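Whole structure, please, built from the sequences with the hints as guidance.
Protein chains in written order, with numbering that gives the first Met the number 0: chain B, 0 to 83; chain U, 0 to 277; chain A, 0 to 504.
If you are wondering where the hints come from, they were derived from the structure by calculation, not from laboratory data.
Owing to the predicted nature of the structure, the values given are computational and were not obtained by experimental measurement.
Quick reminder that beta carbons are idealized off the backbone N, C-alpha and C, glycines included.
The reader is advised that the hints may include incorrect statements.
Estimated spans, in silico, between C-beta atoms of each pair [said to hold, decoys possible]:
id : chain 1 : residue 1 : chain 2 : residue 2 : range
1  : B       : Y3        : U       : T86       : 36 to 44 Å
2  : U       : N88       : A       : N473      : 54 to 62 Å
3  : U       : V155      : B       : I69       : 17 to 25 Å
4  : U       : I11       : A       : Y48       : 55 to 63 Å
Under the rule of at most 27 Å between Cα atoms (straight-line distance), these lysine-lysine pairs were calculated in the DSSO-like manner [claimed, not checked]:
id : chain 1 : residue 1 : chain 2 : residue 2
5  : U       : K273      : U       : K203
6  : U       : K130      : B       : K73
7  : A       : K489      : A       : K54
8  : A       : K370      : A       : K449
9  : A       : K160      : B       : K73
10 : B       : K72       : U       : K203
11 : U       : K225      : A       : K54
12 : U       : K130      : A       : K101
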Amino acid sequence: MIIYVATIVVIVIIITSLIAVFSKKLLSSIISMGLVSLGVSGLFFFLQAPDVAITEAAIGAGLSTAIFVIALKKVKKGETKDEE
Amino acid sequence: MKNDTPKVFKSIFALFVVAIFMIGLFYAFVSMPKGWGVNVNNRVSRLYILKNVRTATRLLDSGKFFAKGMKPLRAEVPYKPIKFKKTANLEDGAANVVTSIVVDYRGFDTLGEVTVLFLAASGVMMLLFGKRVKPKRKKTEPSLIMYVGTRIAFAVIFLFGIYIFVHGHLTPGGGFPGGAVIASGILGLFLGRNGYTPNHAGLKVFESLSGIAFVIIGLIGLFSVKSFLANFLPTGIIGNLYSAGFISLIYIAIGMKVGSELAAVVDSMIGDTKEEWS
Amino acid sequence: MNIFNNAALLIGIPLLFAFSIPLFGFISKQLTKWVTIFVIGFNATFSLYILLAHKFPSVVVMGNWVPPFGENLYVGPVAVFLVTVVSLIGLLIAIYNLWAIKGGDVTRFSVLFLMYIAGASGIILTGDIFNLFIFMEITEITSYALAAYGPERRALGGAFKFLVVSSIGSTLYLLGVMLIYTQLGTLNIAEIAARIGQTTPGLLTFAGVLLISGLAVEAELFPFNGWVPDTYTGAVNGVSAALSGIGAIAGVYALFRIVMTVLGKDGMYVLTYGKLDLMAVIAILATATVVIGELSALTQKNVKKMLAYSSMAQMGLVAAGFSIGSTLGVYGGIFQLINHSIAKSMLFLIVGVLVAAGVGERIENFKGLWKRSPFLSLAFTIGAFSMLGFPLFAGFWSKFAIVGASIQRGGWYDFIIGLVLFASVAEAFYYLRIVTYIFSSTEMEKPKIKVNLSPAIPIFILAVAIVAIGVYPNLIGNFSMQSAGEFTHKMKDYVLNVIPTITAH
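Take a look at the structure:
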């Protein structure tokens, strides 16, 4: 049973990481990066590494996303113009 | 910056690099022996299988580092079951194996990791150093529900963070996640009210004192057990709160340090500063 | 096994004071710089004591777990010698910073500078590849934070470039460590060195390539050194001196500790796994580094950028010396490394004083400097002569040793003679150009430059050191020879000192 849940989580991770790379808006990139961290944290939990899962959830999904958003707000032009 | 290279070439180059990397990794994992047929004797120093450094050291000294076959080793080390809440005076005594490796066996690495975080925070604060200026008042005030809710949630989150690092040697978790949880609680306070500022000097002092505490615990080990970061307290009964020697002390120090540090980073990033060079 | 656990203080004391410097910062900002000087002075004294009283080799056990299980520091000839050099140069730069660092967040600067020295010492002392990664992180994080310090905008660009490159580098290194760990189940350098034969050869080659590309970032070898010119030019001069004088030592040491000891086979430095000879790869990279570095330095009109390219090229020479692989070659490499750190950090400090006096960084601005400040001109000339390997200056002996080693080794390694000669000619061209500018006369009368005591002391000491080594090379040579032995023919001692019982199999 858990293998199906894990498969779904892996698919979510792949999709969100692709969004993070190819998205034109930085904000959606950052948020999908947070989602990747959340998925990875769940995956760690399925792989029986709860210590790493807690750390990843608190730092990867929580704090670093928040810090990225703050940094993005500081850099005045939040959204990239079309490059080239 | 002007960029003349066509995008196609860049993409092809990037694909090329990634492909080389992937082929290497693929080859690495294919050529690795797989499944249960691994001959552990070749892969892992067999002494690691003993799960007990004292016995292993004794065998090391008697010159049996690579004895042939597993059987003689098993015969020499009789299997002794470890009972939760009963067995006392174990080598490390932490119920959480990850913690005992991270803080005790490889404590020096953890000290280094704490330093890495400290230096990263210092670097951020050095770059954002300057005179504090008042932000222009055009932010929307958060609603009353947000304001009250974050304050109530903060108490719960704070308590949970403390629980995580105090119970680091018993349950999953430890100093780093505990500190991060506390810092995210403080982040909630920032979101709840515009213009919230924690006590800067207090955070700084807290951060310094907990770092000093970590190193001093290490130095006590150096002067009492003659080895830096050595466990100088009795390990107690496995599973009790007061067990595993100095692990809980170190985790309390790490938790406080990481919490105050990340809070200070968030604070210095949220606050507006103006650079000034005299 | 000779245990001298107090050597852990070389890491412990700087950490203790680094954590408490923010508290000192509440009292006075000037005090934090003095604390830095005090702590680095302690490190220098202690390591000098170990070196001169011959308290090595010894193994420092961490956490009371014997080496293959816990972590250990290895205080061998190389480690003691290099830590002494690192902390002495660090001490001198800290004295210079007393005058140079004003404005900005001085407290945090002191923390970062102190931990830069401690991290470099940690890289050199440690006996564990994962611990080496952690100290690498410490030095890299501090160095890009330090490089970003300063009022100028270009500092940020250089620091950012270094951040990106070194993050990728340390990730690659970590991946290599992981591959080795899956194979052997250990992270201890000595145990890996003894049991490296048990790994799958192809995988080991891949791991070796990953490790080398990760470590070459800090050792400034060719495809990984794009950050060097911008970071060195952008940083404050004291920081540039530290980057070229201290970071380079740590980087080169880490690279060759991994390549020669960890990937060395059964106490030999034979490095052929499968079809790839890692030492030949390094020789090729080193050659490319020297050629590109020297040719780029030739065209520079900005003195600081020229020094940056020159230090890139010098690192190439060092790596070429090491890649010969014989004891004499490694001796030449280490000797060249030390000479380069002394001379290059002195040159950067001099440029710092000149820039602060309003002379500027362009090469034309150096015209008639002799009239304005004889002391600085003389020191700059000494440094330049040492760089290009003029006889009776320090650099001559190390270049001589590298050439001698390549003649002794023979075979296709003869091309290193040509490499050294090419480097010397190019360096002579661009260093002597500055020297002629310095001693040429100008019509315009400009005011004399007053040098404060705080920058004058380090410059004077470094200049005297260059001349002293040039006149009496054994001052450094003996220690270098001892160190070279640990890398080559005495490598078995390294393994046996750490784990005495490992040969029982």
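Quick rundown of the hints versus the structure:
Against the hinted window of 36 to 44 Å, the Cβ-Cβ separation of Y3 of chain B and T86 of chain U comes to about 39 Å, which satisfies the hint. For N88 of chain U and N473 of chain A, the hinted distance range of 54 to 62 Å is satisfied, since their beta carbons lie about 55 Å from each other. At about 24 Å, the beta-carbon gap between V155 of chain U and I69 of chain B stays in the expected band of 17 to 25 Å. Take I11 of chain U and Y48 of chain A: their Cβ atoms lie about 58 Å apart, and the range 55 to 63 Å holds.
For the given pair, K273 of chain U sits about 21 Å from K203 of chain U by alpha-carbon distance, which is consistent with the 27 Å threshold. Among the hinted pairs, K130 of chain U with K73 of chain B is consistent with the structure: their alpha-carbon atoms are about 16 Å apart, no more than 27 Å. Under the criterion of a C-alpha separation no larger than 27 Å, the hint pairing K489 of chain A with K54 of chain A is consistent with the structure, at around 18 Å. Restraint check for K370 of chain A and K449 of chain A: satisfied, since their Cα atoms lie roughly 12 Å apart, inside the 27 Å limit.
Annotation: proposed proximity of K160 of chain A to K73 of chain B holds, straight-line Cα distance about 21 Å (limit 27 Å). A threshold of 27 Å between alpha carbons decides the hint, and for K72 of chain B with K203 of chain U the separation of about 25 Å falls inside it, so the pair holds. Taking the CA atoms of K225 of chain U and K54 of chain A, the gap is near 17 Å; set against the 27 Å cutoff, the hint holds. For the suggested pair K130 of chain U and K101 of chain A, the alpha carbons sit about 16 Å apart, so the restraint of at most 27 Å is met.
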